[in-house]
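Asker: Take these sequences, add in the hints, and give me the full structure.
Protein sequence lines, in the order shown, are assigned to chains Z and C. Counted the way this note's numbering counts, the first sequence spans residues 1 to 271. Counted the way this note's numbering counts, the second sequence spans residues 1 to 258.
To be clear, the hints were calculated from the coordinates, so they are not data collected in a lab. Any given hint might turn out to be false.
List time: in silico EDC-like cross-link candidates among lysine to aspartate or glutamate, alpha-carbon distance up to 16 Å [stated by the list, open to error]:
#, chain 1, residue 1, chain 2, residue 2
1, C, Lys80, C, Asp27
2, C, Lys92, Z, Glu212
3, Z, Lys265, Z, Glu212
4, C, Lys165, C, Asp6
5, C, Lys92, Z, Asp173
6, C, Lys5, C, Asp73
From the structure, some residues in chain Z lie toward chain C, with a derived Cβ separation under 7 Å [unchecked claim]:
#, residue
7, Gln107
8, Thr110
9, Phe112
10, Pro114
11, Ala171
12, Gly194
13, Pro197
Covered, in the sense of this in silico footprint (three residues per stretch, anywhere, with C-beta under 8 Å from a C-beta of chain C), are these stretches of chain Z [what the hints assert, rightly or not]:
#, region
14, 57-66
15, 132-140
Using N, Cα and C, we set each Cβ at its ideal position, and we do this for glycine too.
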Amino acid sequence: MTKQSNSLSQGTTPPIFPVKTKIQVTVIFFVVIGVYLFSMFWTQQQMVGGFGNAIGNMVVVIEKFFPPNLSILPAIWDPMAQTIQMAIIATTVAAVLTVPLALLSAQNITTFKPLYYFTRTLLNILRTIPDLVLAVVFVGLFGIGLFPGIIALIIFSLGILAKLISETIEAVDMNPLEAMRASGGNILQVIFYGLVPQVLPQFTSFVLYVFEINIRASVVLGLVGAGGIGLVLDQQLGFYNYPNAMAIIVLIFVVVLVIEYISNKLREALI
Amino acid sequence: MIEFKDIGLVYPNGTEGLKNINVTINDGEFVVMVGLSGAGKSTFIRSINRLVTPTSGSLLIDDEDILSYRGSDLRKLRTKIGMIFQNYNLVKRSNVLKNVLAGRLGHTGTFRSIFNLYKKEDVGLAYESLKRVNIDEKLYNRADELSGGQQQRVSIARVLTQKPKYILADEPVASLDPPTSHQVMTYLKKINKEDNITTIVNLHFIDMAMEYADRIIGMRAGEVVFDGPVSEVSEKTFEEIYGRTIREDDLRGGANES
Ligand SMILES: Nc1ncnc2c1ncn2[C@@H]1O[C@H](COP(=O)(O)OP(=O)(O)OP(=O)(O)O)[C@@H](O)[C@H]1O
Ligand SMILES: [Mg+2]
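Answerer: The structure is reproduced here in structure tokens:
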């Protein structure tokens, strides 16, 4: 303590960041740069012919995709709708299940520490599993189709939603909750009156956001057998029917854009 | 009647919030608690509705020791004690009516309150309460659209809607300007007299304490160092409570403006 004030009074300006932090950040920076350089070098070596050849190959393949065979659009509309339904169902179920999980993993609401740590850990573990892995596991368990896809998406979105919403809950103004507790309200009443109005706009916004993610994810999940448009795309690619595949890609592109646009507009209106 | 008997409170971190408190507050009294910051005024007030729990002694409210209360006993106790806070503690995003109706939570079933199925009498009572503090025209405004004084009046209306036997007010005017402070204190005093609701108010300001209190309790370092009717209080009393001479900022002023 005295030492510090001494060095200040001698007129030396202290650094904005502690020296230790500075060294740490510098080391981390160089390690990251090193990893980048190494992986660039390594990928080059692994690719036969390097980047140049890969780009040439790409052009050849891309040419095969054109023109897209748009005449199949009526036929692929059904699986596309399935994909959207998959995302809707999964998002809805996840939104409902998120509520108790988010409350239990919010430190200001769940004051019983062991329970809080338990749900926190559970959610952290959930979030480490990639959606594709979930889909592969559930397709293995339930067979090819929409059901395993929906289950995978529910678990995947639960991980994200519960985390985002529990953090929103933790940032809430606790004063009105105290007032309601002081007037004799029970825990459910306190939550519904004091907490819900404060988190509802954020909640809706996050659900819409996760819905957007789920639309895209459900396409990808289809590729590993979880039904919907992704499955059809996978089949067409398997038959080397590139014009059909391209038509599917165009459809997905348009649908995702439209849904994101709508959802963005809704979210803007909310906040 | 509220009876503190040898009450002590030690916070988990070892701070002694209250030391050997013996105080009896009779029905209908208007008591003002004064003392420096950290003297234990909030701890005293919050013990009464058990937002904090004393660690020794017994605390009787209407002849029942409330220190053993848990769960539904505790909620029932709290329904008869209204509380007013320095920061109004309204749900800012909800409208005034909904905030005031929250005063009925303790009297309303969980299902009814969650689905906003309030009884007609309750809504009527909420509206009447808003009228009593002259803020009924803001019924459907969001709470965060109101000024501080208006928000505090809404929070008084919320307490009125609760139909309490006791009102606790923890620094209700600390965030308000002088005229508004007097307005809020006047409402509290009026309610105390008209409804015969025992009222305990924490205040920083000496002149306000003198103007509104029937009885003043002075605290220092967790102990009651003065307790008596306002007629026995002089500037010297405050100097003893505060342990220093009285300064300009111990006074709110502005009594004539309202
Ligand atoms: N939750 C708590 N945990 C630990 N110590 C606390 C807690 N709340 C209050 N204290 C301590 O207890 C003592 C009394 O605090 P209290 O809030 O009752 O004082 P106060 O008279 O209301 O002061 P102010 O005028 O600043 O509101 C203080 O020393 C304070 O630091
Ligand atoms: Mg205080």
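Asker: None of the hints should be skipped; say for each whether it holds.
Answerer: Right, here's what the structure says about each hint:
As the CA atoms of Lys80(C) and Asp27(C) are separated by approximately 13 Å, the hinted pair is consistent with the 16 Å bound. Simply put, Lys92(C) and Glu212(Z) have alpha-carbon atoms about 30 Å apart, too far for the 16 Å limit, and the pair is violated. At roughly 13 Å between alpha-carbon atoms, Lys265(Z) and Glu212(Z) fall within 16 Å of each other, so this suggested pair holds. Under the criterion of a C-alpha separation no larger than 16 Å, the hint pairing Lys165(C) with Asp6(C) is inconsistent with the structure, at around 24 Å.
Distance restraint check for Lys92(C) and Asp173(Z): the Cα-Cα separation of roughly 9 Å lies within the 16 Å cut-off, and the hinted pair is therefore satisfied. Proximity of Lys5(C) to Asp73(C) is assessed by CA-CA distance (about 21 Å); at most 16 Å being required, the pair is judged violated. Hint on Gln107(Z) is violated. Least Cβ distance to chain C is approximately 17 Å, over the 7 Å limit. With a least beta-carbon distance of about 18 Å to chain C, the hint placing Thr110(Z) at the interface is violated under the 7 Å criterion.
Annotation: interface hint on Phe112(Z) violated; nearest CB of chain C at approximately 15 Å, more than 7 Å. Interface hint status for Pro114(Z): violated, as the beta-carbon distance to the closest one in chain C is roughly 18 Å, over 7 Å. For Ala171(Z), the interface hint is violated, since its Cβ never comes within 7 Å of a Cβ in chain C; the closest pair sits about 14 Å apart. Checking Gly194(Z) against chain C: minimum C-beta separation of about 6 Å stays under 7 Å; hint holds.
Checking Pro197(Z) against chain C by beta carbon gives a least distance of about 5 Å; that is within 7 Å, so the hint holds. Look at the region 57-66 of chain Z against chain C: 0 of its residues bring a Cβ nearer than 8 Å to a Cβ of that chain, fewer than three, so the hint is violated. Note: the region 132-140 of chain Z has 0 residues with beta-carbon separation from chain C under 8 Å; the three-residue rule is not met and the coverage is violated.
Of the numbered hints stated above, those contradicted by the structure are hints 2, 4, 6, 7, 8, 9, 10, 11, 14 and 15, listed in ascending order.
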